[in-house]
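Student: Read off the chains here:
There are 2 protein chains.
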Amino acid sequence: MKLNLENSTLKQNDIYARDYQKKIKDIHQRLHSADHSAGTTWADYPENYDTKEFSKVQKLAKQIKSNSDALLVVGIGGSYLGAKAGIDMLVTKKTDVEIIFAGINFDYTDLAQKLDYLKDKDVTVNIVSKSGTTVEILSTLNIVERFMKNKYKNDYKSRMIFTTDKIKGYLRQRAIAEGIETLTVPDDMGGRYSVLSSVGMLPFVCAGLNAKQIMAGAYDAYKALCAETIEENPAYQYAVYRHLINKKLGKKVELFASFSPRMASFGAWLQQLFAESEGKDGKGLFVTPLTFSTDLHSVGQFIQQGTPVVAETFINVEKPLKDTNLSNIALDCPIKFLDGKSMSEINSAAFNGTLQAHKDAKVPIAIFSIDEINEYNFGYLVYFFELACGASGYLLGVNPFNQPGVEQYKSYMKELLKN
Amino acid sequence: MKLNLENSTLKQNDIYARDYQKKIKDIHQRLHSADHSAGTTWADYPENYDTKEFSKVQKLAKQIKSNSDALLVVGIGGSYLGAKAGIDMLVTKKTDVEIIFAGINFDYTDLAQKLDYLKDKDVTVNIVSKSGTTVEILSTLNIVERFMKNKYKNDYKSRMIFTTDKIKGYLRQRAIAEGIETLTVPDDMGGRYSVLSSVGMLPFVCAGLNAKQIMAGAYDAYKALCAETIEENPAYQYAVYRHLINKKLGKKVELFASFSPRMASFGAWLQQLFAESEGKDGKGLFVTPLTFSTDLHSVGQFIQQGTPVVAETFINVEKPLKDTNLSNIALDCPIKFLDGKSMSEINSAAFNGTLQAHKDAKVPIAIFSIDEINEYNFGYLVYFFELACGASGYLLGVNPFNQPGVEQYKSYMKELLKN
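Quick note, the sequences are listed as chains P and F, same order. Using the numbering used here, the first residue of the first sequence is number 2, and each one after it goes up by one. Using the numbering used here, the first residue of the second sequence is number 2, and each one after it goes up by one.
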């Protein structure tokens with residue numbers, strides 16, 4: 002993966018400033034502390050993950066492939082976005098087991114459509130909640146359980162898997178009492194940092210993805226990003242850069258953009274990763290995913306000429322999976338100059354044209370390039386951004402591994418429902 | 002539709018201030034001028050739309066229903082987002098004609114998947130570009146035409162419809178020369194204000210939606226929002242409110258949020274409407290759509306406790322299409338208190354809990370409520386936001402009906418491709 006900080010205002014000297022060197026060195030040690038209780042289990046996870054759990058995922062996936070057309074994953078937030086990011090990036094054709102996500106809201110119209118779609122299919126259900134208390138998940142479980150019971154009678158529990166805490170919580174207790182199969186979310190690993198655990202891996206392996214390649218990418222990122230100096234560590238360069246575009250340039254919004262629509266859900270994963278890690282104590286960049294050129298036709302005008310509050314972070318995919326050439330374009334057609342060009346050339350020119358236009362508009366730009374979309378690069382990107390986000394949060398002076406603000410709407414909601 | 006400006010800082014007095022009254026009166030006259038050359042054809046469109054064109058849409062849709070399984074709509078930006086918003090909101094079951102959108106990027110992997118899906122289906126293609134010069138659309142047309150020619154041999158042109166300018170442009174000229182069926186985008190109506198024209202109506206009618214009900218909603222909004230005073234016109238109240246949250250409260254980001262996932266694409270339409278209308282001369286709010294409770298588990302933390310730059314605008318749907326009750330919840334389950342409650346009650350409590358939590362955090366909130374999702378309310382919302390956006394843009398002192406900044410990446414792109 003290549004990192005390129007394209008911006009007209011920030012100098013390398015700013016990013017490599019002595020003050021940041023010192024802070025980053027300290028942050029590096031906090032992130033890589035042997036004590037993970039701050040929530041840093043993800044930091045050496047590519048080296049120290051539980052291989053027995055990993056084998057269990059493979060075993061369960063094999064069973065699901067043998068008896069199911071679909072895996073219904075019931076998760077929200079960190080129990081959903083990473084899995085969805087991987088599936089949308091990496092799966093491009095019909096697979097033996099289709100992955101369907103539910104539990105992401107309280108809208109029964111949405112859930113009923115999904116259950117209707119599944120009514121004549123064989124289904125395994127994966128309930129994902131570390132705490133076992135998430136209201137969306139338990140509500141959806143209640144409805145999905147009715148559906149499964151109706152479909153499979155008393156056998157239905159053999160088609161349920163709970164992915165939850167090792168010991169604690171309602172889901173774990175129920176699984177023990179009723180003999181329901183389980184997977185484990187590691188200790189001290191928040192939802193938004195959990196995609197490489199069983200949370201993401203069960204859907205990935207069921208969808209036919211190569212889990213070992215994902216972990217190989219994450220491992221190589223872990224090894225490549227082990228330096229404690231800014232110069233040698235692109236994840237820290239990016240963390241300092243993000244800090245500076247906010248603090249020094251006054252930017253308020255970071256757009257995660259890609260010219261590959263397959264990256265859209267990865268952008269949504271990044272949105273949670275950064276927004277939930279950083280958005281506290283009145284701090285943080287508002288982050289949002291975009292897909293270009295689609296969204297150049299909606300927010301492109303604003304980026305070019307609107308309130309100058311945005312920065313752009315691109316994930317550039319150099320080689321698409323499929324390509325074709327335009328041909329036989331009529332002489333009077335406005336795109337005659339594209340005759341014989343490939344769509345990937347055109348997409349690449351759209352990317353480079355956008356860079357030039359947005360540089361003219363003085364938008365700070367960071368670019369991450371991968372050669373192609375594959376499992377290895379997915380794992381690499383995940384680890385890269387987890388590390389960058391941890392460092393970026395600590396630079397802001399917040400705790401990147403808690404989310405106290407998420408609880409507030411839930412308490413009001415519970416009050417309203419208890420009355 | 003009900004409007005409710007929930008905010009702890011702005012007073013009605015600020016919104017009804019004499020200075021704004023004068024400005025709004027002037028803006029009202031500009032928007033409703035008999036001369037539409039500024040780009041205001043949409044403003045009296047619900048009363049003055051071309052009924053002959055409307056009948057032609059009905060006729061073509063009838064023909065498509067009789068010979069096609071799918072309508073492939075090739076459009077981008079304003080030629081796509083409004084149609085997609087309506088389809089995603091209003092269509093909840095399998096329809097005779099499935100609507101597939103293409104031309105929204107230069108990614109052939111994406112297009113190839115769609116064409117593969119269509120290979121054994123009967124297809125009509127609708128190419129949508131007012132100017133007839135959009136590079137995404139003409140590139141996609143080149144590939145789609147090959148697909149159609151291969152499928153239908155020399156007959157394929159009878160399965161093509163160009164929606165374009167009345168007189169000008171490559172698509173119109175080709176249609177005349179080759180006898181291809183056409184629909185017309187009205188004069189002085191920019192893409193983002195064109196959803197109620199044939200641009201949206203052909204896909205809507207093909208998907209079995211009631212176009213007359215859509216226009217009835219738009220007409221009633223047009224009539225209900227004809228007052229030139231802020232007190233009597235909720236669209237102008239909202240326009241002034243938006244202006245003040247930016248100017249007086251310093252907010253930079255407006256989140257269009259809904260607890261109904263069916264509203265997600267409507268949010269994307271709003272994003273283009275406002276971002277492209279207002280984002281010029283260094284002005285405007287950055288606007289982005291969110292779906293709750295999904296996104297409360299990603300950006301909820303930021304909204305609650307992050308940099309205080311966001312305001313929220315909710316589109317609240319009071320009654321969902323489908324509902325069910327939770328039942329037989331175990332005594333030890335953390336959601337035992339929800340036993341017997343309906344999902345819609347829970348969703349509604351999530352909405353009200355969110356309002357309270359975000360009010361505590363001093364987030365300015367505007368709420369628009371519709372009783373249910375239907376064609377009439379879609380038309381009403383479209384007109385309401387078009388009017389609010391036009392007024393809001395003029396209040397900012399920009400031209401809400403041009404988009405000069407969108408051209409810049411395109412010119413660089415063309416330069417790169419011509420070399």
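Source of the hints: derived by calculation from the structure; they are not laboratory data. Be careful, since some hints might not be right.
Copies of the same chain are indistinguishable here, so a pair counts whether it falls within one copy or spans any two.
[Claimed, not checked] With a Cα cut of at most 30 Å, we get these calculated DSS-like pairs of lysine-lysine: (1) K248 x K95; (2) K95 x K150; (3) K411 x K363; (4) K120 x K26.
Student: Decide, hint by hint, whether the structure agrees.
Tutor: Here is what the structure says about each hint:
With identical chains, the CA atoms of K248 and K95 are never at most 30 Å apart, being 46 Å at best within one copy and 50 Å at best between copies. With identical chains, the CA atoms of K95 and K150 are at most 30 Å apart both within one copy (27 Å) and between copies (26 Å). With identical chains, the CA atoms of K411 and K363 are at most 30 Å apart between copies only, with a shortest distance of 17 Å across copies and 40 Å within one. In the homo-oligomer, the alpha carbons of K120 and K26 never lie at most 30 Å apart, since the shortest distance is 55 Å inside one protomer and 57 Å across protomers.
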